[in-house]
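Enquirer: Each chain is listed here by its residues.
There are 2 protein chains.
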Amino acid sequence: MPGVPVIGVPRSRCCPGVRSSHAMNESLHPLLAGRWSPTSFDPMHQLAQDEVDLLLQAARWAPSAGNSQPWSFIVARRGSLEHTRVIRHLAGSSAVWAPTASLLIANLAHRFVEDTDWEFSEFSLYDLGQAVAHMSIQAQALGLHVRQFRAFDRDGIAKEFAVPDHWEVTTLSAIGRAARGPEIDRGPDASARERHAIEQILWPVS
Amino acid sequence: MPGVPVIGVPRSRCCPGVRSSHAMNESLHPLLAGRWSPTSFDPMHQLAQDEVDLLLQAARWAPSAGNSQPWSFIVARRGSLEHTRVIRHLAGSSAVWAPTASLLIANLAHRFVEDTDWEFSEFSLYDLGQAVAHMSIQAQALGLHVRQFRAFDRDGIAKEFAVPDHWEVTTLSAIGRAARGPEIDRGPDASARERHAIEQILWPVS
Numbered sequence: 001m002p003g004v005p006v007i008g009v010p011r012s013r014c015c016p017g018v019r020s021s022h023a024m025n026e027s028l029h030p031l032l033a034g035r036w037s038p039t040s041f042d043p044m045h046q047l048a049q050d051e052v053d054l055l056l057q058a059a060r061w062a063p064s065a066g067n068s069q070p071w072s073f074i075v076a077r078r079g080s081l082e083h084t085r086v087i088r089h090l091a092g093s094s095a096v097w098a099p100t101a102s103l104l105i106a107n108l109a110h111r112f113v114e115d116t117d118w119e120f121s122e123f124s125l126y127d128l129g130q131a132v133a134h135m136s137i138q139a140q141a142l143g144l145h146v147r148q149f150r151a152f153d154r155d156g157i158a159k160e161f162a163v164p165d166h167w168e169v170t171t172l173s174a175i176g177r178a179a180r181g182p183e184i185d186r187g188p189d190a191s192a193r194e195r196h197a198i199e200q201i202l203w204p205v206s
Numbered sequence: 001m002p003g004v005p006v007i008g009v010p011r012s013r014c015c016p017g018v019r020s021s022h023a024m025n026e027s028l029h030p031l032l033a034g035r036w037s038p039t040s041f042d043p044m045h046q047l048a049q050d051e052v053d054l055l056l057q058a059a060r061w062a063p064s065a066g067n068s069q070p071w072s073f074i075v076a077r078r079g080s081l082e083h084t085r086v087i088r089h090l091a092g093s094s095a096v097w098a099p100t101a102s103l104l105i106a107n108l109a110h111r112f113v114e115d116t117d118w119e120f121s122e123f124s125l126y127d128l129g130q131a132v133a134h135m136s137i138q139a140q141a142l143g144l145h146v147r148q149f150r151a152f153d154r155d156g157i158a159k160e161f162a163v164p165d166h167w168e169v170t171t172l173s174a175i176g177r178a179a180r181g182p183e184i185d186r187g188p189d190a191s192a193r194e195r196h197a198i199e200q201i202l203w204p205v206s
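Sequence lines, in order, name chains A and B.
So that you can map any letter, position 60 of the first sequence is 60 in the working numbering, and since no number is skipped, the others follow by simple counting.
So that you can map any letter, position 151 of the second sequence is 151 in the working numbering, and since no number is skipped, the others follow by simple counting.
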């Protein structure tokens with residue numbers, strides 16, 4: 001996002017041996033280099049159940065702290081009862097585009113609760129992020145696109161699906177086929193694929 | 001981890017249309033299906049600087065909430081001064097294996113601090129997890145292996161590298177070439193590649 005500074009990372013005295021931040025993009029694995037997050041999905045595209053299963057398997061095999069696997073998923077294919085129950089909790093900003101995705105998945109993290117002995121809750125959000133990343137990369141391998149978003153009523157979804165307090169409905173993923181190519185989808189400012197330079201994400205080591 | 005129950009996910013009334021949890025593994029993308037976390041690395045293997053750059057690019061292009069990119073990395077190749085500075089803060093349990101990896105990376109999350117207006121900190125751990133996952137998958141594409149771990153002195157690393165309070169040294173990644181195959185590395189119980197069944201990570205929807 002242009003204009004968001006990376007506070008706390010001095011940009012000088014940085015980065016011995018690190019080359020231009022743009023030179024390597026074409027060498028990234030295609031599943032990583034080609035990934036982007038559309039805001040419009042093909043409303044006619046249907047996901048096969050095999051594809052849904054495979055997305056869940058990708059998440060399932062992600063790494064986690066102590067193999068704690070602190071994640072759970074509410075799966076809502078477009079046209080299903082679950083989909084109807086999810087989309088009624090979307091914010092206005094996501095309700096205009098997310099329902100046309102072939103699939104919505106609510107990503108839940110197993111959070112710490114006082115007076116329990118759950119060991120790995122410190123990493124539950126971190127690990128959920130990894131699981132969703134793995135799911136997104138599997139989606140990319142299937143020719144699909146994913147947009148993760150937070151514009152929904154977290155408590156509303158939790159109540160709708162009887163999610164107890166020690167689970168957090170963290171994000172939603174919209175998954176399907178992009179309706180438009182990235183240049184058109186992103187609009188004139190193309191901000192969705194801007195990134196800080198490598199020099200800004202490397203900690204000074206001197 | 002065997003014996004860690006997934007509390008709060010009733011296992012009955014679950015999973016319409018979801019097939020056997022094991023049937024799909026062979027259809028996962030090879031970069032996801034073949035990934036595992038070794039505990040022994042080839043102490044002679046050297047990472048090329050191009051490979052280090054590519055790992056950082058993979059993290060850099062990961063998605064994040066509002067494109068906030070709440071991550072930073074301390075990069076320590078084996079043999080460098082930074083490596084010496086990192087390994088002195090390893091716990092006893094990781095000091096026996098992690099220093100032989102070709103590369104150690106400290107993964108930092110940009111955390112919320114009171115009296116600031118940082119907007120996206122709610123997702124900083126989640127997004128850091130995604131960035132490290134992308135880095136791990138790029139490593140896999142390069143024929144490398146990654147083990148993330150927490151067995152180190154977080155405050156020690158923070159002090160060593162002058163990391164201020166609004167950044168959290170969250171995990172370390174050991175990256176290199178596995179010294180042994182997964183069957184031997186994992187030991188007799190092979191628990192590192194066990195996972196809950198799909199039915200246990202799907203929220204009941206009925």
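Source of the hints: derived by calculation from the structure; they are not laboratory data.
Don't take every hint at face value.
Stated by the list, open to error - Far from chain A, some chain B residues (derived; all Cβ distances over 12 Å):
id, residue
1, Gly156
2, Arg177
3, Ile184
4, Ala197
To be verified - One side only, chain B facing chain A, incomplete, derived with CB under 7 Å:
id, residue
5, Ser27
6, Leu28
7, Gln57
8, Arg88
9, Phe112
10, Gly129
All figures in this text were calculated on a predicted structure; none of them were measured in a lab.
Glycine is no exception: its CB is placed at the ideal position from the N, C-alpha and C atoms.
Enquirer: When the structure is checked against the list of hints, which entries are broken? Sort them ascending.
Expert: 4, 8, 9
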